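Number of protein chains: 6
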Amino acid sequence: MILRIDKIAIDLPQPKNPSPNSAAAIQELMGGRFGEMSTLMNYTFQSFNFRGRDKLRPFYDLISNIAAEEYSHIELVAYAINLLLTGTTKRGTDPTTTPLASSVDARNAYHFIASGQSALPIDSMGKPWDGSYVFSSGNLKLDLLHNFFLECGARANKIRVYEMVDDPTARAMVGYLLVRGGVHIVAYARALEKLTGADLKKLFPIPDISNKKFPEARKLEEQGLHQIMFRLAQMTIDKWLKFGMDRIQKTVLN
Amino acid sequence: MILRIDKIAIDLPQPKNPSPNSAAAIQELMGGRFGEMSTLMNYTFQSFNFRGRDKLRPFYDLISNIAAEEYSHIELVAYAINLLLTGTTKRGTDPTTTPLASSVDARNAYHFIASGQSALPIDSMGKPWDGSYVFSSGNLKLDLLHNFFLECGARANKIRVYEMVDDPTARAMVGYLLVRGGVHIVAYARALEKLTGADLKKLFPIPDISNKKFPEARKLEEQGLHQIMFRLAQMTIDKWLKFGMDRIQKTVLN
Amino acid sequence: MILRIDKIAIDLPQPKNPSPNSAAAIQELMGGRFGEMSTLMNYTFQSFNFRGRDKLRPFYDLISNIAAEEYSHIELVAYAINLLLTGTTKRGTDPTTTPLASSVDARNAYHFIASGQSALPIDSMGKPWDGSYVFSSGNLKLDLLHNFFLECGARANKIRVYEMVDDPTARAMVGYLLVRGGVHIVAYARALEKLTGADLKKLFPIPDISNKKFPEARKLEEQGLHQIMFRLAQMTIDKWLKFGMDRIQKTVLN
Amino acid sequence: MILRIDKIAIDLPQPKNPSPNSAAAIQELMGGRFGEMSTLMNYTFQSFNFRGRDKLRPFYDLISNIAAEEYSHIELVAYAINLLLTGTTKRGTDPTTTPLASSVDARNAYHFIASGQSALPIDSMGKPWDGSYVFSSGNLKLDLLHNFFLECGARANKIRVYEMVDDPTARAMVGYLLVRGGVHIVAYARALEKLTGADLKKLFPIPDISNKKFPEARKLEEQGLHQIMFRLAQMTIDKWLKFGMDRIQKTVLN
Amino acid sequence: MILRIDKIAIDLPQPKNPSPNSAAAIQELMGGRFGEMSTLMNYTFQSFNFRGRDKLRPFYDLISNIAAEEYSHIELVAYAINLLLTGTTKRGTDPTTTPLASSVDARNAYHFIASGQSALPIDSMGKPWDGSYVFSSGNLKLDLLHNFFLECGARANKIRVYEMVDDPTARAMVGYLLVRGGVHIVAYARALEKLTGADLKKLFPIPDISNKKFPEARKLEEQGLHQIMFRLAQMTIDKWLKFGMDRIQKTVLN
Amino acid sequence: MILRIDKIAIDLPQPKNPSPNSAAAIQELMGGRFGEMSTLMNYTFQSFNFRGRDKLRPFYDLISNIAAEEYSHIELVAYAINLLLTGTTKRGTDPTTTPLASSVDARNAYHFIASGQSALPIDSMGKPWDGSYVFSSGNLKLDLLHNFFLECGARANKIRVYEMVDDPTARAMVGYLLVRGGVHIVAYARALEKLTGADLKKLFPIPDISNKKFPEARKLEEQGLHQIMFRLAQMTIDKWLKFGMDRIQKTVLN
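Read top to bottom, the protein sequences are chains A, B, C, D, E and F. Numbering of the first sequence is given in the working numbering, commencing with residue 1 and proceeding in unit increments. Numbering of the second sequence is given in the working numbering, commencing with residue 1 and proceeding in unit increments. Numbering of the third sequence is given in the working numbering, commencing with residue 1 and proceeding in unit increments. Numbering of the fourth sequence is given in the working numbering, commencing with residue 1 and proceeding in unit increments. Numbering of the fifth sequence is given in the working numbering, commencing with residue 1 and proceeding in unit increments. Numbering of the sixth sequence is given in the working numbering, commencing with residue 1 and proceeding in unit increments.
Derived by calculation from the structure, the hints in this document are not laboratory data. These numbers were taken from a predicted model, which means no experiment stands behind them. Treat the hints loosely; a few may be bogus.
The list makes no distinction among identical chains, and a pair is therefore deemed to hold if it is satisfied within one copy or across any two copies.
With a Cα cut of at most 16 Å, we get these calculated EDC-like pairs of lysine to aspartate or glutamate [stated by the list, open to error]:
1) Lys55 with Asp11
2) Lys219 with Asp61
3) Lys7 with Asp166
4) Lys7 with Asp61
5) Lys219 with Asp11
6) Lys213 with Asp166
7) Lys55 with Asp105
8) Lys213 with Asp94
9) Lys212 with Asp94
10) Lys212 with Glu222
11) Lys201 with Glu222
12) Lys194 with Asp61
13) Lys90 with Asp166
14) Lys194 with Asp6
15) Lys201 with Asp54
16) Lys90 with Asp61
17) Lys7 with Asp54
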């Protein structure tokens, strides 16, 4: 079960200009093979399917907590897409004025015909996200390795979208995802280390560019966001109530 | 954002016998066009994309709350699938004993090769769920009509899976979904009525068979589960803490 | 069986200018989830699969007649696409003059590489129409509800394409589809009313804009086209011959 | 435009026994890459997209007429599937009796969950038919070559389904399709010969087995069905009325 | 087994200008239904699945040799795509300069987000190549007819891409493919003739334009490239060593 | 370019019994996301797209060599599938004897209708392999990490297929793939180590079972097959001729 809080992960600035083609590119971070739908659903199914929860509790908790956090990521990407699409056309009551004329040349026609200028679970070419992107093998080591790779692939995509789009809305969103995705990379690497002893730290960062190169990410890391592991899952109801929310939400990864 | 509670919607009885082909059929309720992945993601994206939240607050709340509840449905379907797959094979340390031999004739090979005998976001024929099943048109009346139809289509599928599988695990799960899906059908019909004045009650039930015919659903309705609208969404953090959880979770639909 | 008449539903004006991107957008009305391929094939399969034709004859006739009419809609959409693509390039005998140069930046490359600048069963992003869009549940009430929703969704798409493209060819085509689709919305609503007593009229129109706002549709409604139910199906051969064609084609919906 | 006649191409005998797995196999002839949906839609789009109708009239007529006939083939395949599915389960009013129990092991779950035990536009593995199977290149010679190959591929599939299923319903249907498909193979070969002079007769038959080996086909050929080209298309309304239907339908090829 | 030689089929000139949209169009020749992935994989699977190799040796050799050659075609198409993408953006170490800005409006976003500006097994609209494009029927005559048609369809696509793109890199690549594809058309036609006696020569060329109209192809034909059948397959290891490579590679077709 | 040698990687024993459902399961190792089509095409495209070959030569060589070897793996898997399908039906000249009757209940209908009882580029559920399985990011570290994960995922699938099928043909094939895949896992791990210093050895083996538990693999390892890196690529033609083949093929990994 989940409880849903009407709060977006971070505030995003308004776009300088609406930009349907930027929104189209950002869809890769939503519904691409390495988008947030993929991280959300991979970890969600892995947590549903986790066998041996008692013995392997910390691993179950890790996957469940990250799964829960990913929900806020699809929410944030949707928010950015919606901001970038708002105002791209001038809708009114008279269709003969061709209010959507500008969209004929836009890269993603679904944004204008199917979705009313808002986000969809599709990628940057309009391909729908699909369940074959979910890997849940029943083998913990293999799942963790998958997750580690998935987060690294996702990081590459985030960086490239950042390099494509200079809009502050998009960059604030990507900056946040870089920081949080970075935490997940570390978390999965440590989990693999605990399970096997292998030290993956020398692989970092993949790709070979520091989060500090991205001002929007750097700012958040200066606030310590890269050192926090959100605990959004696995608490009993009693514990939720006993704990203050601030404490529940920010438990430093150790 | 979501908080995830480590609690399944209802307890399910253990299966009488493991049954991979029953599990394969139940996948339709997970990843089919009318499965719980579809209800979850339709309402989730509609809530992300909702414009005019102030003016149309009750509709936004409705969609968000049902979206949040649907998460517990994919969790429950996954749980039922996992129970039915547990014990279908005798895995050990010696592969030469062909521990998975029985699965060669099973209908869903992914359950044995890809997922380690657990749930996947696919349908009863192994087709992955995909994002083209999400309808989020930006037109509230149309979205509500879609949701009403989607829930009716989902109800038909649930009934047919019930008629295929007599295992108590599966039936308890389907019974629960029939009751909660029934609440959602009523909720979307009422929302359409509030928006337009149209009275859809005479359409009920679709298909033309009462929930009371299903003992597992009837039992839950006798407990009043069909009269409760879960409020799992839209609360501020402050409100979550102020309210007791019981009160948060059970607010009668009016 | 069908007999095919070499006659397009309405004459379309020549385009002001060829426009491959307008043609690309219009493909949504052909091969999108809510395009005319979908209405054609949904009703066709529902009519093939209809059980209880004697007892439920008027419903069978309704679905079969609309199915037959939809064929003329895919024909009309194809015609509009073909007109808009004609003349977009200057083909000749010398390939070294790069006669298709302009198409490199066009949104739909299939129109130039695969189809020789003509219509295909694909949507506005090039995704092929597919059989998963067909809903034929064997439950009449549910099929009718589906059809009612499908026509409303199709209406939204038509309106948006109208708002994107101001070419007179496209608008004449969309205007015609709006009128005929409007008849089908009413027809399915009435069928549901006859079956259940539910009155869906207060839902109209979906989306909330009258056909009268579209000059090309208004003109046709002034001619009464919105009050005619075509009877293109279900006649025996004897009856076809006994009836004059005019009488066959225009039988007022009652 | 089409007129639809409520008449199936041939009567089919009742199945000896219902057989869901036979119905599943026959779906290949409906929605497979070489199924009747493919022949119908290939020729339909080629006829819509045909440029130069005046100069190349006989070729346009050929394609249009075969397109029209193919509609009766999807109808016939649907009919056969429906007959084979009828009675596979005992549906009643009490779901607790597990009326669909036998379908859990059936190969095609969609027949029981999605379609109410009737035909769908899918293939023998449940893969939906899709628009990428349509070839309409705008080059007449290439389209005719495609059609010739498509019919040969379809013939191979029909033969194999015949060899899989010994039910008289299925075999009567396949026998009819073999005869009519044979006419189309000859027709496209002749059309290529007229256009280019190439004589393809020595290629016949593909695969290398005569229709006479199939008793159900042989019987129809003894009635001359393999020498008739149906003229179901291209008539003006005036001509339809002037001609008697019998004459319209049976005009011997060339 | 294969041995891979680090040598591209022909040298390609550098592009006049990088052109991501030209690269996007060329992807059709890689991953489209008629692209080189399709010719490679069709013949590869047909050779793997060939039954009766002793009796039908020349046909097996033919298919295997062409299969082996097609590998050099996917290599060449990839090379052309990579050349056209090189330099389309100015990547550096500072992401805040938006080094990929120009790609936001490019037709194929995968080239920039997924592939690091290089080739992928997708078509001109980004649709992934898929295994349903492979035809391997087990019937030699039918497979050969398929291959003949496939090569003709591929030729049409090559010509159209040539007509879209005037870059010398692209045209040199297409010119080479036209010559070699022409050899394969002749080879499959002759194979059909040997098997059946049917003479398909009068069908040539499809489409109706000579390779001589393409200067890059004409130049290669003047060197005799259209009269050579590469023998890249079917040799035993002993023979490879005994033969000089030149002789192995160029054995004139019969 | 490739040269193709008419030699299968290892001899396979004849099956004890034909087994279409075992063949269906083995298709996962051919056309599944982790099948040999995926390893072949991932490394092939990565090698085509490799930038900086001079500076990073050993990495380019590694990927190219493994790419070349993977071709022999799709060949071997096809061979095993074909052996298991041979004799599953008794085809003859009289179709009325229903020679394919037994296939009606087989899991993979394509094997009987489409492919003439031979291998296809599809997975264990009939889903076609597709190009979205190819990862070629242009980032060497990320591609190597992907390849390492891909090989581990492939190893899990091979083990599970081994545990499903006890036929000696299948097991000999899987045993060989386990050994060679094991070499590739080590090779990619070492490549990552050379590039970054990270030592991944403690992760081995994934899944947590030694190749020695599989008699068919153990036998090959006792012959040293797990210590050999095949050099099937990157040689110039001159070198091929100068070297003896034995030396070319077996160069110990160091």
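Verification of the hints:
1. Lys55 with Asp11: For lysine 55 and aspartate 11, the Cα distance exceeds 16 Å both inside one copy (39 Å) and across copies (22 Å).
2. Lys219 with Asp61: neither (28 Å within a copy, 34 Å between copies)
3. Lys7 with Asp166: Answer is neither; intra-copy 25 Å and inter-copy 41 Å both fail.
4. Lys7 with Asp61: Result: close only across copies, 13 Å inter versus 23 Å intra.
5. Lys219 with Asp11: within (14 Å within a copy, 46 Å between copies)
6. Lys213 with Asp166: Intra 14 Å, inter 40 Å, cutoff 16 Å: intra-copy only.
7. Lys55 with Asp105: Neither. Shortest intra-copy (56 Å) and inter-copy (33 Å) distances fail the 16 Å Cα cut-off.
8. Lys213 with Asp94: between (47 Å within a copy, 7 Å between copies)
9. Lys212 with Asp94: between (49 Å within a copy, 11 Å between copies)
10. Lys212 with Glu222: within (9 Å within a copy, 50 Å between copies)
11. Lys201 with Glu222: neither (21 Å within a copy, 35 Å between copies)
12. Lys194 with Asp61: Result: close within a single copy only, 14 Å intra versus 34 Å inter.
13. Lys90 with Asp166: between (24 Å within a copy, 15 Å between copies)
14. Lys194 with Asp6: Neither way: lysine 194 and aspartate 6 sit 36 Å apart in one copy and 24 Å across, limit 16 Å.
15. Lys201 with Asp54: neither (28 Å within a copy, 28 Å between copies)
16. Lys90 with Asp61: Answer is neither: 47 Å inside a copy and 27 Å across each miss the 16 Å cutoff.
17. Lys7 with Asp54: between (32 Å within a copy, 15 Å between copies)
Checked against the numbered hints above, the structure violates hints 1, 2, 3, 7, 11, 14, 15 and 16; every other hint is satisfied.
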